Amino acid sequence: MEKVIVVNQDLCNGCQLCQMGCHLRKNDRSGLRSSRIQVFHLSGSENLVQTCNHCEEPICKTACLMEAISKTKKGLTERNESACIGCEACIAMCPFGAAVLDTDREVAVSCDLCSGNPYCVTICPTGALQFIEPQVEGLSKRQLAAERMAMAGRNKVYQLP
Amino acid sequence: MFGWTGKLIVIDLSKGECHKETLLEDYYYQWIGGQGLNIAVQAGKLPGWERLAGDIVSIAAGPLVGSPVMGENVWSLDGLHPFNGQLTSVYGTGNWGAVLKFTGWDQVILWKTARKPCYIILYENGCDIKEYQENQGTAAFFKIMKRNFGDEAEALVSTDTGIVTSSGLVSADSEARFLLERRNVKAVIVQGKKGLPLAKPKDVLAQSSQIVKRWKETGLSNGSNGCAVCHGHCERLMLSRESTVQNAALNLWLATGSCPQWISSGLGQSVEELCSLLECVTGWSCTPVELWAGAHRIEEAKQMINERIRRPILS
Chain L
81 MEKVIVVNQD
91 LCNGCQLCQM
101 GCHLRKNDRS
111 GLRSSRIQVF
121 HLSGSENLVQ
131 TCNHCEEPIC
141 KTACLMEAIS
151 KTKKGLTERN
161 ESACIGCEAC
171 IAMCPFGAAV
181 LDTDREVAVS
191 CDLCSGNPYC
201 VTICPTGALQ
211 FIEPQVEGLS
221 KRQLAAERMA
231 MAGRNKVYQL
241 P
Chain D
156 MFGWTGKLIV
166 IDLSKGECHK
176 ETLLEDYYYQ
186 WIGGQGLNIA
196 VQAGKLPGWE
206 RLAGDIVSIA
216 AGPLVGSPVM
226 GENVWSLDGL
236 HPFNGQLTSV
246 YGTGNWGAVL
256 KFTGWDQVIL
266 WKTARKPCYI
276 ILYENGCDIK
286 EYQENQGTAA
296 FFKIMKRNFG
306 DEAEALVSTD
316 TGIVTSSGLV
326 SADSEARFLL
336 ERRNVKAVIV
346 QGKKGLPLAK
356 PKDVLAQSSQ
366 IVKRWKETGL
376 SNGSNGCAVC
386 HGHCERLMLS
396 RESTVQNAAL
406 NLWLATGSCP
416 QWISSGLGQS
426 VEELCSLLEC
436 VTGWSCTPVE
446 LWAGAHRIEE
456 AKQMINERIR
466 RPILS
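Chains L and D, in that order, give the protein sequences.
Numbering (our numbering) for the first sequence: 81 to 241.
Numbering (our numbering) for the second sequence: 156 to 470.
What the hints contain is simulated information worked out from the structure, not anything from laboratory work.
A couple of the hints might just be wrong.
To be verified - Take a look, some chain L residues computed to stay more than 10 angstroms from chain D by CB distance:
#1 Asn88
#2 Thr142
#3 Met146
#4 Asn160
#5 Ser162
#6 Ala172
#7 Gln210
#8 Arg228
To be verified - Mimicking EDC-like on lysine to aspartate or glutamate, the simulated pairs with C-alpha atoms at most 20 angstroms apart in a straight line are:
#9 D:Lys355 to L:Asp108
#10 D:Lys200 to D:Asp210
#11 D:Lys349 to D:Asp283
#12 L:Lys83 to L:Glu158
#13 D:Lys301 to L:Glu126
#14 L:Lys154 to L:Glu217
#15 L:Lys106 to D:Asp358
#16 D:Lys371 to L:Asp90
#17 D:Lys349 to L:Asp182
Treat the numbers as computed from the prediction; the structure is a model and nothing was measured.
Ideal Cβ positions, reconstructed from N, Cα and C, are used throughout, including at glycine.
So here's chain L without its partners, still in its complex pose (with noise of 0.2 angstroms):
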């Protein structure tokens, strides 16, 4: 997959720019209920996004009894919104909570990452949306561990009678 939304909870502000976005650009109109990411607020400051995360062998897929979810060459998860009658199966198998309902048009949707320029990524101004590759995500989170390990090491030698 050449490049997927990687979200940074600790940035997000809840602030739902994102989200609006994504429903005025996705159905014409401003709203919250059938955006394709999802901002929840959790207790104190923190906040939850969601969205998909097209994942490898999606479980959607697997339960979607009209074959409308597929993969792409590119591993895109893409839905054919013309096949969907709206069982809302695919919503309730997601583990993460991508898929949501239309419900002007009684079908299922999800993140299709707007033919690779997605706008929740343009319009969070805090930064905790980034369009990257899959390996540069995995390459610095092994860095960031490696550095708290190493962190760990030398806190121990200096902690040492």
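With chain L's structure known, arrange chain D on it following the hints.
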């Protein structure tokens, strides 16, 4: 009509009844929105509802609220103060104003007083008034609300520290609490299940991304001196009564739904940009001069209300 639902709800708290009223676009254009709508009702300018003047607390959102534009998320709460009788205006951020519109209302008017502490649930076609359990904590209230009405639901809850929503403190102004609790209203729940049509959606998206781009280029280096892109957790909310903010300018921002802190940080929308945004969202082709005229109209109405309050005392 674009950017508006075209409806307001009048809730008679003493009888537990609600009345719907549809409004013409000219009325919105005249009063811009948000605080302007509230002041219009207080001044007895709402057609057919002149009797409400002076006996209500109202909450309204501006025309740009509900569009995905940074800093355009302000709701205004106006009413006569229960202790000194003066016209009191409070505003808050967060996305409650947007969700109010997505529920199907532009303004909520609370009329008379409830017999017991209550909370109001707004639906697309009406409302419910339920008794508020005094011993219920705010966190529990939000949990029950989300369970009953879904994750899109949002509430304004009056607390000791100010007005809170599920995203945190959105108005640190203690006057808001007095205004609501004088009417025995503890919370107002909105559900946000609908969408809102905008005049030029693609232009709104383009302008919005430009504003965010500008913020990213300049705003992040502004630190705590400028707007903290809070959308609900602003540490500068207490500055709402800042003396340097000119009344007419404040009226204009609160009427359009723009956060005064965002605008005064120097990174927010100029009046020309507000005009352009208004055209994209509502389809109004207004000039800065017309917007300023609207702001002054609101200021004059405020002065008229205060004069009317003073007159019986003097006589």
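With a cut-off of 20 angstroms on the C-alpha distance, tell me whether Lys83 (chain L) and Glu158 (chain L) pass. Between Lys83 (chain L) and Glu158 (chain L) the Cα gap is close to 15 angstroms, so the pair holds against 20 angstroms.
Interface exclusion of Gln210 (chain L) relative to chain D, criterion Cβ beyond 10 angstroms: 13 angstroms, holds
Taking 10 angstroms as the cut and beta carbons as the points, is Asn88 (chain L) off the interface with chain D? 15 angstroms, holds
With 10 angstroms as the threshold, tell me whether Met146 (chain L) passes as away from chain D on beta-carbon distances. 25 angstroms, holds
Over 10 angstroms to the closest beta carbon of chain D is the bar; see if Asn160 (chain L) clears it. 23 angstroms, holds
So is Thr142 (chain L) really clear of chain D, every C-beta pair being over 10 angstroms apart? Its Cβ never comes within 10 angstroms of chain D, the nearest being 25 angstroms, so this holds.
Going straight from one Cα to the other, do Lys355 (chain D) and Asp108 (chain L) come out at no more than 20 angstroms? 9 angstroms, holds
With the threshold set at 20 angstroms, check whether the alpha-carbon distance from Lys154 (chain L) to Glu217 (chain L) stays at or below it. Holds, at about 18 angstroms.
Given the hint that Lys349 (chain D) pairs with Asp182 (chain L), does the C-alpha gap stay at or below 20 angstroms? 11 angstroms, holds
Would the pair Lys349 (chain D) and Asp283 (chain D) pass a check requiring their Cα atoms to be no farther apart than 20 angstroms? 18 angstroms, holds
Hey, does Ala172 (chain L) actually stay past 10 angstroms from chain D on C-beta? The claim stands: Ala172 (chain L) keeps its Cβ more than 10 angstroms from every Cβ of chain D (closest is about 15 angstroms).
Given the proposed pairing of Lys200 (chain D) with Asp210 (chain D), does the C-alpha separation stay at or below 20 angstroms? Distance of about 14 angstroms is within 20 angstroms: holds.
When held up to the earlier numbered hints, the structure conflicts with none and fits them all.
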